[in-house]
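Let's have the full structure, built from the sequences with the hints guiding it.
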Amino acid sequence: MDLEKMMELPGALAAFTYSDKGDLQSHVLREGTELTPLVLDLLARSCVANLAIASMEGHGWEALTGQSGFQPLKGFSVVGLEWSVVVNGNCGVVVKNRDADYEATFNAVQAT
Amino acid sequence: MHIVKQLMAIPGVIAAGEYAYRGDRFSYEGALTEEFARMASIVCRANTLSVNMQAEIFDSFAENCGYRPIQGWIARGSQITVCAVGNYFSFIENRDELLNDVMTIMRAKVGDVQDDLLVNLYARLGGDTKEALY
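Residue numbers (my numbering), protein chains in the order written: chain A, 1 to 112; chain B, 1 to 134.
If you are wondering where the hints come from, they were derived from the structure by calculation, not from laboratory data. Don't take every hint at face value.
Unchecked claim - Where chain B lies over chain A, by a calculated footprint (3+ residues, C-beta under 8 angstroms):
(1) 23–31
(2) 36–47
(3) 57–68
Ideal Cβ placement from N, Cα and C applies to all residues, glycine included.
Next up, the structure:
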């Protein structure tokens with residue numbers, strides 16, 4: 001997984017990988033960002049939980065409504081005040097909201 | 001133009017709506033039944049509160065790190081994406097550039113979600129926010 005390449009995404013502040021349980025495994029931080037490895041570690045854990053919840057909701061929605069197109073889940077993003085985190089699988093990217101290209105970022109985390 | 005109408009004017013937007021904090025009062029347009037729109041409102045409300053809880057935990061470790069208050073979330077499915085900003089939601093097709101357009105409009109039209117999510121969501125209903133909350 002090429003985190004340096006992830007850092008080339010528009011507005012990227014950090015890129016990271018994590019285990020299935022959410023343990024931070026590797027990360028790259030943009031110089032000058034206020035993000036820390038501790039924040040990324042917490043972020044990774046919450047992202048694992050959010051992906052699991054969204055996957056469950058997608059399954060439930062498809063079963064209840066008969067509407068398809070939610071499964072398999074291709075990623076989840078939380079939009080904060082200044083930055084967003086976009087995750088899929090075991091990889092995540094933090095992007096500045098004002099520069100974010102969500103489409104490209106989701107595509108990048110799907111490709112990993 | 002109202003946010004929901006503006007979103008529905010974009011090709012590829014399947015449905016869009018607005019919900020109250022509890023998720024039991026909602027309005028919507030698009031290809032959802034009344035019952036599915038109610039379910040969507042409840043799901044969006046639950047996820048919004050969940051990510052806000054997470055952000056509060058982060059805040060205790062890294063105050064003012066730029067995460068809180070949470071503005072919304074995106075769930076990317078294989079063909080459909082669900083976007084939630086404040087108390088608005090939209091179901092959109094996975095088409096090139098549609099997600100960026102929808103997020104730009106939702107962020108611009110809803111505006112920055114304020115620090116107290118509950119007050120903010122209730123305030124959009126009108127009436128006495130404090131009485132409704134406390």
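If you look at each residue in the region 23–31 of chain A, do at least three have a Cβ nearer than 8 angstroms to any Cβ of chain B?
violated (count 0)
> Taking a Cβ-Cβ distance under 8 angstroms as contact, does the region 57–68 of chain A have three or more residues in contact with chain B?
Replying inline: It holds, with 7 qualifying residues against the three required.
| message | Tell me whether the statement that chain B covers the region 36–47 of chain A is true, taking a Cβ distance below 8 angstroms and needing three residues at minimum. | response | holds (count 6)
Violated hints amount to a single one, hint 1; each of the other numbered hints is respected by the structure.
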